[in-house]
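Peer 1: Each chain, written out:
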Amino acid sequence: MTKLPRRSFALLSAPLLVAFAGAASLAADAGPVALLNVSYDPTRELYREINDAFAKKYQAEHGRGVSVKQSHAASGSQARAVIDGLDADVVTLAVWPDVEAVAKSGLVRPDWQNRYDNQSVPYHSVVVFVVRKGNPKGIKDWPDLVKGDVSIITPNPKTSGNGKYSFLAAWGSVVTGGGSEEDAQAFVAELYKRTPVLDTGARAATATFSQKGLGDVHITFESEAHLEVDEAGGELEIVYPKKSIRVDPPIAVVDKNVDKKGTRHAAEAYLGFLYSPEGRAIIAKHHYRPWGENPPTPAAGEAWPAIETYTIDAVGGWPSATKKFFGEGGVFDSIYQPGR
Amino acid sequence: MNHPTSDTIAIAGSSAFATGPRRAASAARRRHAAVLPGFGASAAITSLVVLSLIVFPLAVLILRAASLGPAGFLEAAWTPRSRAAYAVSLSASLLAAATSSLLGLLVAWVLARIEFPGRRLLDALVDVPLALPTAVAGLVYSALYVKKGWLGQWLVPLGIQGAYSYLGIVLVLVFVSLPFAIRVVQPVIESLDRDTEEAARILGASRMQTFLRVVLPAILPAVVTGFALSLARALGEYGSVVFISGNMPFKTEIAPVLIVARLEEFAYAEATTVAVLLLAMSIALLVVVNSLQQRLARNAQ
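Those protein sequence lines, which keep their order, are chains A and B.
FYI, the numbering for the first sequence is 66 to 405, going by this note's numbering.
FYI, the numbering for the second sequence is 9 to 309, going by this note's numbering.
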């Protein structure tokens with residue numbers, strides 16, 4: 066091979082660069098809009114279906130293709146990734162503090178909660194129990210969790226959104242029933258004493274309960290419970306406690322990123338789609354409860370099981386709850402003492 | 009004698025598989041560095057790599073942690089819970105490195121000295137833990153050792169909890185660190201002069217004496233190097249441990265889990281304090297092991 070003089074590299078690469086730049090700008094004009102939806106762990110299946118349906122609808126209405134890419138991981142680390150520069154057009158995260166953290170970094174306008182209906186929460190879920198076939202320990206409601214030798218599986222609330230909601234649901238079950246803070250503290254302390262494993266994420270806890278057979282009851286989201294029970298082929302069943310916490314995963318357009326990329330129109334339409342009849346039907350199919358009047362059901366003739374719910378406000382709202390319960394030296398930490 | 013012991017060990021483990029002659033060659037190269045062409049370029053590349061891959065990230069880590077001031081640093085990094093987590097991380101890593109060194113010596117001896125069918129397959133299998141995502145190892149081990157698992161159904165009734173326990177942590181750490189212990193010792197055993205051993209035997213030494221007086225001094229520095237690399241590997245492990253440890257505070261919670269917990273609160277600086285302290289302890293530990301290794305190497309020569 067003959068050696069090219071060094072300068073020829075520059076000469077060769079210059080037209081290439083121009084060609085690349087040209088292709089890129091062409092693509093931006095005519096090709097499909099590329100959106101990135103940064104979401105949390107268990108929504109993979111939901112958004113895969115949403116994305117396909119939305120792309121078809123957007124193409125039909127605006128004559129332009131959209132391709133939505135999704136990214137899934139623990140909600141908190143996803144928020145960090147966006148803050149640290151992941152080019153998300155929209156965030157659909159598990160808990161309010163995570164979207165708020167992105168907003169605080171200046172990427173999302175502070176009024177994000179008022180930009181979509183229901184404070185930008187298009188669907189909700191509830192915290193329920195999954196038990197073994199036939200419910201051998203007779204678990205029907207929250208107090209049953211600390212009876213006899215019942216053993217409980219739930220992820221670590223310090224590292225998992227699912228775990229946070231389980232903790233808050235348990236706490237709320239006491240304080241909304243007229244119990245005092247001390248009663249609630251005693252209840253959660255007893256509950257976590259019966260928790261032999263603190264997995265770091267929701268899916269790991271699901272595996273611990275369903276695959277490895279640990280524990281008598283798994284506390285988790287309704288949507289995740291359905292996935293788990295469907296997978297288990299009749300070995301598991303869902304139990305609805307009398308009342309439970311409402312899980313409200315919020316959404317937001319990442320303003321800074323969409324303005325930079327020129328994708329605002331598609332990004333806003335994408336989130337709006339979650340409130341459309343078509344979007345709501347898909348959401349319901351995946352066992353998330355769509356917001357609004359007459360919500361569609363998971364399947365024809367299948368009603369949503371009735372359950373009385375309380376919200377995060379029953380336990381003090383997010384900013385204070387996060388600090389009080391899960392902060393360093395908070396209530397959760399106080400459950401664990403050396404040597405116990 | 010010419011084996012890979014006079015060099016200092018590399019924490020990152022890149023030199024783990026350097027064999028005796030290669031290390032000797034690199035030492036020779038250093039002595040006559042200027043004679044070789046391209047020294048300037050390679051020195052520039054080396055310092056760029058070291059700076060960008062190691063020094064800068066470490067500097068950022070330390071700066072972030074330092075932003076809290078000494079009192080804030082201690083408050084964040086030195087709580088009863090974090091002390092328990094450091095103890096779990098360090099002790100489990102030491103135990104695993106010691107186990108790996110012993111097992112590694114045995115396996116290396118078998119691979120280097122004994123010819124048997126399937127030896128090459130075994131030789132290839134040794135590297136599997138390096139290639140396998142460690143989260144997979146954690147999941148598989150915990151599935152094996154729970155009460156319903158293949159091994160757990162026999163072990164749990166005997167009171168041996170291999171999953172969601174301290175023992176589980178040590179098990180996966182041995183798994184991830186064993187290749188280092190084997191691969192460092194194996195070439196040294198291969199390069200041992202068998203004549204010396206035979207001479208010792210002919211001169212009347214027993215088999216045990218031959219091993220203790222002739223073989224062991226020659227390979228011990230390499231065993232200690234393997235120990236140090238295994239230790240470094242074990243200290244940095246996260247993926248497999250979180251799946252098998254159960255993460256119970258004060259019992260089986262490792263320091264990296266605390267870091268993740270603090271990050272969930274968006275407490276970046278506090279999270280890095282735990283990392284910095286763990287790093288400092290790890291480096292101190294490695295320096296001790298390293299100096300021991302150097303002393304052994306000098307004695308061997």
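Treat the hints as calculated values from the structure; they're not laboratory data.
Possibly wrong hints are sitting among the right ones.
[Unchecked claim] Taking lysine to any residue and the SDA-like style, the derived pairs with C-alpha atoms no more than 25 Å apart in a straight line are:
no., chain 1, residue 1, chain 2, residue 2
1, B, Lys-259, B, Tyr-246
2, B, Lys-156, A, Gln-276
3, A, Lys-212, B, Pro-78
4, B, Lys-259, A, Gly-298
5, B, Lys-259, A, Gly-395
6, B, Lys-259, A, Tyr-257
7, A, Lys-258, B, Gln-169
8, A, Lys-388, B, Phe-274
9, A, Lys-202, A, Ala-254
10, A, Lys-169, B, Ala-74
11, B, Lys-259, A, Arg-259
12, B, Lys-259, A, Ile-400
13, B, Lys-156, A, Asn-200
14, B, Lys-155, A, Glu-300
15, A, Lys-258, B, Met-256
16, A, Lys-258, B, Gly-167
17, A, Lys-205, A, Gly-392
18, A, Lys-198, B, Gln-161
19, A, Lys-388, B, Gln-161
20, A, Lys-388, B, Thr-87
21, A, Lys-198, B, Leu-152
22, A, Lys-308, A, Gly-381
23, B, Lys-156, A, Arg-268
24, A, Lys-308, A, Gly-337
25, A, Lys-202, B, Val-164
26, A, Lys-388, B, Arg-72
27, A, Lys-388, B, Ala-74
28, B, Lys-259, A, Lys-198
29, B, Lys-259, A, Ala-379
30, A, Lys-388, A, Leu-172
31, B, Lys-259, B, Val-164
32, B, Lys-155, A, Ser-216
33, B, Lys-259, B, Thr-218
34, B, Lys-155, A, Gly-213
35, B, Lys-155, A, Gly-395
36, A, Lys-388, B, Tyr-276
37, B, Lys-259, A, Lys-350
38, A, Lys-169, A, Leu-151
39, A, Lys-388, B, Gly-167
Since the structure is predicted, the reported quantities are computational estimates derived from the model, not experimental observations.
Peer 1: Would you mind marking each hint as holding or not holding in the structure?
Peer 2: Taking the hints in turn, this is what the structure says about them:
For the hint pairing Lys-259 of chain B with Tyr-246 of chain B, the CA-to-CA distance comes to about 16 Å; that is within 25 Å, so the pair holds. In summary, the hint linking Lys-156 of chain B to Gln-276 of chain A is supported, as the alpha carbons are separated by about 9 Å, within the 25 Å threshold. With a CA separation close to 47 Å, the supplied pair Lys-212 of chain A and Pro-78 of chain B exceeds the 25 Å bound. Restraint check for Lys-259 of chain B and Gly-298 of chain A: not satisfied, since their Cα atoms lie roughly 35 Å apart, outside the 25 Å limit.
Under the criterion of a C-alpha separation no larger than 25 Å, the hint pairing Lys-259 of chain B with Gly-395 of chain A is consistent with the structure, at around 19 Å. For the hint pairing Lys-259 of chain B with Tyr-257 of chain A, the CA-to-CA distance comes to about 14 Å; that is within 25 Å, so the pair holds. Among the hinted pairs, Lys-258 of chain A with Gln-169 of chain B is consistent with the structure: their alpha-carbon atoms are about 18 Å apart, no more than 25 Å. The straight-line distance between the Cα atoms of Lys-388 of chain A and Phe-274 of chain B is roughly 11 Å, inside the 25 Å bound, and the hint therefore holds.
About 20 Å separates the Cα atoms of Lys-202 of chain A and Ala-254 of chain A, which keeps this hinted pair within 25 Å; it holds. With a C-alpha separation of about 23 Å, the suggested pairing of Lys-169 of chain A with Ala-74 of chain B holds against the 25 Å cut-off. This hinted pair checks out: Lys-259 of chain B and Arg-259 of chain A have alpha carbons roughly 15 Å apart, not beyond 25 Å. Restraint check for Lys-259 of chain B and Ile-400 of chain A: satisfied, since their Cα atoms lie roughly 14 Å apart, inside the 25 Å limit.
Between Lys-156 of chain B and Asn-200 of chain A the alpha-carbon distance is near 19 Å, which keeps this suggested pair within the 25 Å criterion. Note on Lys-155 of chain B and Glu-300 of chain A: the hinted pairing holds, with a Cα-Cα distance of about 17 Å set against a maximum of 25 Å. Between Lys-258 of chain A and Met-256 of chain B the CA atoms are separated by roughly 10 Å; this keeps the pair inside 25 Å, and the hint holds. A distance of roughly 20 Å separates the Cα atoms of Lys-258 of chain A and Gly-167 of chain B; the hinted pair therefore holds under the 25 Å criterion.
For a cut-off of 25 Å, the pair hint linking Lys-205 of chain A to Gly-392 of chain A is broken: about 31 Å separates their Cα positions. Only pairs whose Cα atoms come within 25 Å are accepted, and Lys-198 of chain A paired with Gln-161 of chain B is accepted, the gap being roughly 21 Å. This hinted pair does not check out: Lys-388 of chain A and Gln-161 of chain B have alpha carbons roughly 42 Å apart, beyond 25 Å. Between Lys-388 of chain A and Thr-87 of chain B the alpha-carbon distance is near 17 Å, which keeps this suggested pair within the 25 Å criterion.
Proximity of Lys-198 of chain A to Leu-152 of chain B is assessed by CA-CA distance (about 23 Å); at most 25 Å being required, the pair is judged to hold. For the hint pairing Lys-308 of chain A with Gly-381 of chain A, the CA-to-CA distance comes to about 18 Å; that is within 25 Å, so the pair holds. Restraint check for Lys-156 of chain B and Arg-268 of chain A: satisfied, since their Cα atoms lie roughly 19 Å apart, inside the 25 Å limit. Between Lys-308 of chain A and Gly-337 of chain A the CA atoms are separated by roughly 30 Å; this puts the pair beyond 25 Å, and the hint is violated.
Between Lys-202 of chain A and Val-164 of chain B, the direct Cα distance comes to roughly 22 Å. Compliance with the 25 Å bound is thereby established for this hinted pair. For a cut-off of 25 Å, the pair hint linking Lys-388 of chain A to Arg-72 of chain B stands: about 22 Å separates their Cα positions. Between Lys-388 of chain A and Ala-74 of chain B the alpha-carbon distance is near 23 Å, which keeps this suggested pair within the 25 Å criterion. For the suggested pair Lys-259 of chain B and Lys-198 of chain A, the alpha carbons sit about 32 Å apart, so the restraint of at most 25 Å is broken.
In summary, the hint linking Lys-259 of chain B to Ala-379 of chain A is not supported, as the alpha carbons are separated by about 33 Å, beyond the 25 Å threshold. This hinted pair checks out: Lys-388 of chain A and Leu-172 of chain A have alpha carbons roughly 23 Å apart, not beyond 25 Å. At most 25 Å may separate the alpha-carbon atoms for a hinted pair to count; Lys-259 of chain B and Val-164 of chain B meet this at roughly 19 Å. The hinted pair formed by Lys-155 of chain B and Ser-216 of chain A meets the criterion: a straight-line CA distance of about 14 Å does not exceed 25 Å.
Distance hint between Lys-259 of chain B and Thr-218 of chain B is unfulfilled; the C-alpha atoms sit about 44 Å from each other, more than 25 Å. For the given pair, Lys-155 of chain B sits about 20 Å from Gly-213 of chain A by alpha-carbon distance, which is consistent with the 25 Å threshold. Distance restraint check for Lys-155 of chain B and Gly-395 of chain A: the Cα-Cα separation of roughly 33 Å exceeds the 25 Å cut-off, and the hinted pair is therefore not satisfied. Using a Cα cut-off of 25 Å, the hinted pair Lys-388 of chain A and Tyr-276 of chain B holds, with the two alpha carbons roughly 15 Å apart.
A distance of roughly 42 Å separates the Cα atoms of Lys-259 of chain B and Lys-350 of chain A; the hinted pair therefore is violated under the 25 Å criterion. Pair hint Lys-169 of chain A plus Leu-151 of chain A holds up; C-alpha atoms about 16 Å apart against a cutoff of 25 Å. At most 25 Å may separate the alpha-carbon atoms for a hinted pair to count; Lys-388 of chain A and Gly-167 of chain B exceed this at roughly 39 Å.
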